[in-house]
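Undergrad: Here are the chains, one letter per residue:
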Amino acid sequence: MNEISITHILFVSTALFFIGMYGLFTRRNMITMLMAIEIILNSVNINFVAFNKYLYPGKLDGIFFTIFIITIAAAEAAMAIAIIINLYRSHHSIDVEDAEELKY
Amino acid sequence: MNASVIIFYILSAFILGAALLAVTTRKIFRSAIFLLFSLIGTAALFFWMGVEFIAAVQIIIYVGGIVVLIIFSIFLTQKSGEEMPKPIRSRSLFSALALLFGFAFIYHLIYKYQFSQPGPHLFEVKVSDIGTQMLSTTEHGFVLPFEVVSILLLASMIGCIVIAMKIKPAEENER
Numbered sequence: 001m002n003e004i005s006i007t008h009i010l011f012v013s014t015a016l017f018f019i020g021m022y023g024l025f026t027r028r029n030m031i032t033m034l035m036a037i038e039i040i041l042n043s044v045n046i047n048f049v050a051f052n053k054y055l056y057p058g059k060l061d062g063i064f065f066t067i068f069i070i071t072i073a074a075a076e077a078a079m080a081i082a083i084i085i086n087l088y089r090s091h092h093s094i095d096v097e098d099a100e101e102l103k104y
Numbered sequence: 001m002n003a004s005v006i007i008f009y010i011l012s013a014f015i016l017g018a019a020l021l022a023v024t025t026r027k028i029f030r031s032a033i034f035l036l037f038s039l040i041g042t043a044a045l046f047f048w049m050g051v052e053f054i055a056a057v058q059i060i061i062y063v064g065g066i067v068v069l070i071i072f073s074i075f076l077t078q079k080s081g082e083e084m085p086k087p088i089r090s091r092s093l094f095s096a097l098a099l100l101f102g103f104a105f106i107y108h109l110i111y112k113y114q115f116s117q118p119g120p121h122l123f124e125v126k127v128s129d130i131g132t133q134m135l136s137t138t139e140h141g142f143v144l145p146f147e148v149v150s151i152l153l154l155a156s157m158i159g160c161i162v163i164a165m166k167i168k169p170a171e172e173n174e175r
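The listed protein sequences correspond, in order, to chains Y and X.
Per the numbering used here, the first sequence starts with residue 1, numbered consecutively.
Per the numbering used here, the second sequence starts with residue 1, numbered consecutively.
Since the hints were derived computationally from the structure, they do not count as laboratory data.
One or more hints might be untrue.
If we take Cβ atoms under 7 Å as the criterion, some of the chain Y residues that face chain X in the derived model are [claimed, not checked]:
hint, residue
1, Leu41
2, Asn42
3, Lys53
4, Gly58
5, Ile69
6, Ile84
Note that the Cβ used here is the ideal one computed from N, Cα and C, for glycine as well.
So here's chain Y without its partners, still in its complex pose:
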């Protein structure tokens, strides 16, 4: 079980984080940007559990942080989708380039 060193798991989570960042940079649709944010939060979860397992196996702190991050991600997704639906109602588009009244 312990033949995989922690750097391999950190490779996966780092790669997942940067894939999410790529999605956040290139996508202009709000729902796909929200998906990219979910991928980023997931990579952070993997990190917390891996550090808890490999460096401090006697404690549970990483588990608690993961639980709180999952909770906050759920709240954030619900909030974001309420905003997106409201924006669609007023602008008939959820492209971020179309919603720029607050820009200037």
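Take the given structure of chain Y and dock chain X to it, following the hints.
TA: Then chain X, alone, in the frame of chain Y:
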């Protein structure tokens, strides 16, 4: 090279491939489905690491809640069969270059860092331990963040209702 190692590499390839497709495919519904696969792969990785409770929470909340919510909002706001416009070539090229550089830099730091050896403890996560420590008010208890998160959930629920509520035109005139 035993079975656990092979399972780890298969799982990580699955997670990364699904995530990469989720951020690059041009049909938004497919993107949501690939996100779903990526989240399920992460839950399987949690099972592999021996934290069954977190894996179950991940499946219930992410796969059962967030992805379903995202798919609903796709159906409410998009024509899901249509392809999204292509991202601007220079933007995707330069962001890919910048992120490749960032990934190489951070992974280099991780690779060079000497992680301390873990103590003699065995890593086992019992749900009863999680529950006890979550609600304990002693030194290592997590009751304060628990309460703060409860307030946050309540506030975000009320906020969602208020934001998404439709104002009738008559009421709008009165304002």
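Undergrad: It remains to establish, for every hint, whether it holds in the given structure.
TA: We went through each hint and held it up to the structure:
1. Leu41: violated (9 Å)
2. Asn42: With a closest approach of 5 Å, the Asn42(Y) hint holds.
3. Lys53: holds (5 Å)
4. Gly58: holds (3 Å)
5. Ile69: The hint is violated - Ile69(Y) has no Cβ within 7 Å of chain X, the shortest such distance being about 10 Å.
6. Ile84: holds (6 Å)
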